[in-house]
Structure formats: structure tokens, C-alpha cells
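Here the protein sequences line up with chains A and B, keeping their order.
Our numbering numbers the first residue of the first sequence as 1 and each following residue consecutively.
Our numbering numbers the first residue of the second sequence as 1 and each following residue consecutively.
Hints listed in this document are in silico derivations from the structure and should not be mistaken for laboratory results.
Hints are not guaranteed to be accurate.
Label pairs and their in silico Cβ distance ranges [to be verified]:
(1) A:Y100 with B:E61: 52 to 60 Å
(2) A:D217 with B:P109: 44 to 52 Å
(3) A:R12 with B:K50: 37 to 45 Å
(4) A:R95 with B:K11: 50 to 58 Å
The beta carbon of each residue, even a glycine, is placed where N, CA and C say it ideally should be.
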Amino acid sequence: MNLKGRDIISIRDMSKEEIELILETAKRMEPYAKGEKSSKLMDGKILGNLFFEPSTRTRLSFTAAMQRLGGEVMGFSGTGITSIAKGENLADSIRVVERYCDFIVIRHPMEGTARLAAEVSSKPIINGGDGANQHPTQTLLDLYTIRKLKGKIKGLNIALLGDLKHARTMRSLTYASAMFGANLTLISPAGLEMSKDVLLEIKRNFNKVPFQTNDIDAGLRKADVIYICRIQKERFADKFEAEKMQKAFRITPETLDQCKDDIAILHSLPKVTEIDPRVDEMKCAKYFDQTFFGVPVRMAILGLIGGAVR
Amino acid sequence: MKEELRVKKIKDGTVIDHIKAGKGKKVLDILGIGNGFSKTTALLMNVPSKRIGKKDIVKIEDKALKKDEVDKIALVAPRATWNVVKDFKVTKKNEIELPETLEGILKCPNPKCVTNMNEPVKSKFKVEEKEPVKLRCVYCERLFGLEDML
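With the rest of the complex left out, here is chain B (with noise of 0.2 Å):
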């Protein structure tokens, strides 16, 4: 007997797989995707992974991952992979992976920093380590974990 598919597939759009379970509703806020978001979005949670055990997967409709976005689910989801779907078909599958640096796309926690005065400066992070993710602000020199950032 056929199985069924629990969530049909997406004709345009992106899904996020392999996300660590219990990660996915992250992902989803990294997204800003919430209500008021019009897009057909689906979230799956604890599905059965080989590679890594449980995972959680976020399918989102007519919706392209840019590069911050991407950086930034690779804070919560370092191992997740990121396809683009085309016509139902995966025409792109990527690993998210954590780059060296981060820049301006997250606030320093630290509200004597530099980067949360007006001045001219987008906040810059070096990633220390990779899992549990550290985070060293290159302005106020602090180390921060994810909980201080998300």
C-alpha cells in the first residue's frame, strides 16, 4: 500500500529540512513568519530522521531564503539542509552552515555597545563555537550565547 503524504507537497517555494526537533517553530520566528504572514506555511515536528534521529522540517510556499535569513537559521539549525522547490521538483539543495561572521543581522545584547549607539555601524559577530553556538561581538569584544540573542 502506497503511504500517504502527511503534508502535500509545495509547487514554488522553500523547505528547510533536517532542523534539530523542536527547532522548527525557531526557524519560523527567525522567518518572521507569524500571523499576518499570507503564505501557505507548514511545519512539521518530530519527524523520523536517519541521519539524525528526530527533526523537524518547515515547507514555506512561493518563498526564497536570502543570505542573512539563512544565516541566521544556522544559528538554531546549524546541520539543516535548504532546498528550492521549482514546479514540485527540488531544483537546489544546500547545507546551511554557519559562516565565520556575522554582520547586521542581529543586535548586540549588550546595551553599551558601540553598534546600539547612532553611528554608522552594523553589528559584527565572529562564531566562536559552532555547537553550543558562541558568538564574540567584535565591538565590545562580549561573548554571547544563543539565548542572549534570539
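For reference, chain A alone in the conformation it holds in the complex (with noise of 0.2 Å):
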């Protein structure tokens, strides 16, 4: 299998196989990664990194990821400063940095830009999140710390927590667990369930039924991996609501009592309130480790597409 020139756009368009490939090349990568060993993979050439709206981790970890293995990074963060702030459309922008660098990494509020970026790009595109759509190489790094921790993801007992109707990295996280076998389990406030769509997809392509519960305490007792995301305060009329939800949904070292004693517990950061901060200090926070693993992660997703590792 060979994903030299390939896009990442969506986790929805990945094989196992090829999901398979890169998370065992992060793991190659790790000792790279942690400046233990140096590398000029990526010597001579040159990561765009076109962040059309905020982000820190994804954006830092792929240029991190990219300088680790030699290569150099240009681009924008925000688009004040750009042409875009002129009036140039994304498929005009994209066509001008295509010319100046070997591959692209695009964020974008609009849902869908990354797969147009790649229509009208001859190098390849990673999608680094459009709008609530995908952000596919969080789930990858998702996956392998997963893998990291416990071994495995089959037959694990993962239980994702918090607003699942809204946040991307549940989503495309509830296809690909569900793609390696794991058992979900679907927790989230009345009315902020998991999208019928995503439940039918992976009933229809990998025969998983999640179990789906309002019940904090109910769905946290056989998990192994806790995965957490926050209320969206944003898409409520009512704040207030928002907050109340956040409040009965949160991980304290007291919800914790009831669960296995080896849990992990990951969240994509930012958190905010969704976690209290004495879980920092637990042997189960396991979140600022999964944000390294993005560097790996990463590192392999250039390499693999970038053709310099096989």
C-alpha cells in the first residue's frame, strides 16, 4: 500500500488498511518526535499551513511534526492580513500556494473546503478541521493513543461523553472505533445525542449498535476509555441551560470513583469546565500525552503522502 500524493480529507474515506499504515508509522516516528533521534525526511521541502480560523494544537503539532523531519513550514493563521481579506475565493488562494510548497494543511470554518482545496490542488491537501465536518487527523491520533494506552481497540469499551450532536471529533471518533471493533458507548445530555446518520452508517457498515444513554453514571461503570468534549455554550439560546448540562455532565475525581481503576481518559483540549482540574493530577488524565501523540501522527501522515517513507 503506497499513499504517496494522497489527501486526507475525511476519516470517512479511509480504509483500515490504510489507517492501519499510518498509525504504525507514528509509532516508527515517536522517538523523532520526542528530539530523541533527528531526521531529514522532509529536507528541502515545504508544509503550507493555511489556517483560515484559530487553532494552537493542530496547527503547532504540524509544524512541529514537519520541522522534526527536516522540512520547513510557511502560512497564515487568521486571514486579516491574506488576500482573502480582499476578496480572493479559497479555490484562487489554494492555486497561488500550491506553487510555493509540497503539501497543504487547511482549517477552515466552511464545511466541505478541504475536499474543494483538493479538487483544484495538484499537492496533496490534509484536511486540519472544516467547520464541524471532519478533522481527520485528530481521530488518527485519537486511534493511536487509544492503541498507545491500552494495547488495542478492539473490544475495548471506549464511552464518549458530552455533546455529541455537535462536536466533529465525536463523530468521525464514534466511525472509526466502531471501523476497529471497538464497543461504544454514547453519553450526552437529553437532546445532544450522536447525529441517527452516524448510528446507521456504522450499523450498516461495521454492524456496531452503540449503547446510548442520558445517564452519566450509568454508561461510565464498564468503560476502559472515557473520551470527553464540552457543552457548545455557543449553539444554545440559553446559556444558562448550556451550563446546567455542563455541570451534570462533567468528570470529577468523584465520577471516577465508580469506574475501572486503569480508565483513561482523553479529551481533544481546549477543555474548560468539562473536567474538573484535580483530574489533572490523576493517573487517568491521559489528555496532554494524546495532544503529543499528534506530533508522531503527524509526522507519518507527511511521510507516508509526502513519499518518503513507505
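With the hints as a guide, bring both chains together as one complex.
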């Protein structure tokens, strides 16, 4: 299998074998990601980081990934100082930037922008998040983290907790975890359940039917991994109602009393109030390690689509 | 006694037959036939049919269907037939079939989809289910039912 020249737009486009290849390659990249070994795999190559909306982890970890591989990074974050502010459309921006670099990472608030960019660009496009749609490299690093921490994904009890209706990470992770044979528990406040379309798709493609509940206690007892996301207050007309929901769907040391001893808690970050700060000090808090794994996973993606590793 | 035709034959044009009863009006809407349309048009509703029980039929004088019109009709009348009439005779009989993808004929209902931005891109939907119709936007990846689209 060869991913050279491949765009990474959506986890739904990827086969299990392709994902396995990225995860295996990421394992080999870890010593380089930590700076224990150095690499010149991407010497002379340039990554274009086009961030049309703010990002910290995705942008910085792609930058770190490219630099750890000996490559260069150019780009922008925010559109104020670019020709987009003058009214240039996205297709033209991509046609220009692809002439300056070898790969492009794009984050954009509108959905489908990475797919459009891939259609107009002759250079590989990596989706760094397109609105509420997809963020495939986040899902890949989530899978990598789960396998790294637990040694496997198949058969694990993974509980996804929070606003499952609106969080793009949860939609993609539900799909990918089902693909890898995990048992899913979906815990959300009433009205913020996972979209039926996603549930139908994983039933059809992977014959997986998650256990769904609005009861946080019932959902967490058997979990090996809890992946939490915040309640997206900006989507509520009644902010007080959103805060009330967040309080009820929050992880605290007390909530974790009932859980397995070796439970791992993950979060794509930034976290706000959905995890009690006391949890940060507990051994089950794995979200800062998770964010580091973004570097080897993104190194693997760059190496594979750049044809530098196989 | 010879049965009398309820609607007379058209000389040249199109007959869309075997439309599921109740969907004929929707076919007219899709074709933009309404006030201001000058050609002779007939809509027969609830006509007994051996094949589908009850059906609607649309007859339009001096009108040839374009491919995008046929694809759109397929969304509401997936098993209809489309006949070309010349000099009172059916010269071509076609089954209307929903294609695997629909390009440039429907607007994505998601206001945050890139196809609704000022970009040189046509809408594109993958048909995931035919009955009831479920379409997935190739760009924003959202799944829509017919009620969202027409």
C-alpha cells in the first residue's frame, strides 16, 4: 500500500488498512517526535499551513511534525493580512499557495473546503478541520492514543461523553472506533445525542450498535476509555441551560470512583469546565499525552503522503 | 363501446408515466411548470395502474426533457417512465432511474457548505438510499432526505 500523493480529507474516505499503516508509521516516528533522534526525511520540502480560523494544537503540531522531519513550514493563521481579506476566493488561494509548497494543511470554518481544495490542488491536501464536518488527523491521533495506552482498540469499551450532537471529533471517532471493533457507549444530555445518520452508517458498514444513555453513571462503569467533549454553549439560546447541562456532564474525581482502576480519560482540548482541574493530577488523565501523539501521527502522515516513508 | 380518452393525445412532446400517485404535482414543480408556462400541459392524477396501483401522468406539449431534469424527477418518481412523442406516436420509451451521483442540480441545504460560498464549485450529492431517498453532500458530508432538498 502506498499513500504517496494522497489527500487526507475525511476519515470516511479511509480504509482500515490505510489507517493501520499511518498508526504503525507513527510508532516508528515517536523517537523523532521526542527529539531523541533526528531526521532529514523532509529536507528541502515545504509545508503550507493555511489556517483560516484559529488553532493552537493542530497548527503547532503540524509545524513541529514538519520541522522534526527536517522540512520547512510557511503559512498564516487568520485571514486579516492575506488576499482573502481583499475578496479572493478559496480556490484561487489554493492555486497560488500550491505553487509555493509541497503539501497544504487547511483549516477553514466552512464545511467541505478541504475537499474543494483537494480538487483544485495538484499537491496533497490535509484537512486540519472544516467547520463542524471532519478533522481526520485528530481522529487518527485519538486512535493512536487509545492503542498506545491500551494495546488494542478491538473489544475495548469506549465511552464518549458530552455534546455528541455538535462535536466533529465525536462523530469521526464514533465512525473510526466502530471500524476498529470497539464497543461504544454514547453518553450525552437529552437532545445532544449522536446524529442518527452516524449510527445508521456504523450499523450498515461495521454492524456496530452503540449503547446510548443520558445517565453519566450508568455509562461509565464498564468503560476502559472515556473521551469527553464540552457542551458547546455557543449553540444554545439559553446559556444558563447549557451551563446546567455542563455541570451534570462533568468529570470529577468523585465521578471516577465508580470506574475501572486503569481507566484512561481523553479530550481533544482545549478543555474548559468539563473536567475538574483535580483530575489533571490523576494517573487516568491522559489528555496531555494525547496531544503530544499528534506530532508522531502527523509526521507519519507527512512522511507517507510525501513518499518519504513506506 | 369504445372508451373515450380523458385527455387527448399530444402531437409532439413528453409523457411522464407511472409517477407514484400524488407526486405528479411535484414533477411539474421540478420542471418549473406553473403560472407563465405557455405550452399545453396535462396532469392526470390517481389513474388506475396494473404496475403500481394508482399513478399520476404528466403530458407536456413541445417539451423535451434534459438530463438534469430527468435526474431531478427521479428523486420524486424513481420508477416512472419518460416517453418522447413525435407526431402522436411514442418514438422513445425510457425508464427514469436515479443516478449514483447528482451534480449541479440541487442546492446543498447546509448554509455552511462550501458549495454555498462564492467558489467555483457545483453541488454534488451521492445517492446513499433510493427509497426513501437519502443524499449525502460530497463536500460537507451531511446526509439529507428529500424533504430537505425540494
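How the hints compare with the structure:
For Y100 of chain A paired with E61 of chain B, a C-beta distance near 58 Å keeps the hint of 52 to 60 Å intact. Restraint check, D217 of chain A to P109 of chain B: a C-beta distance of roughly 38 Å breaks the suggested window 44 to 52 Å. Separation of R12 of chain A from K50 of chain B is about 43 Å and conforms to the stated range, judged on CB atoms against 37 to 45 Å. Hint check: R95 of chain A to K11 of chain B, Cβ distance near 52 Å, so the stated range 50 to 58 Å holds.
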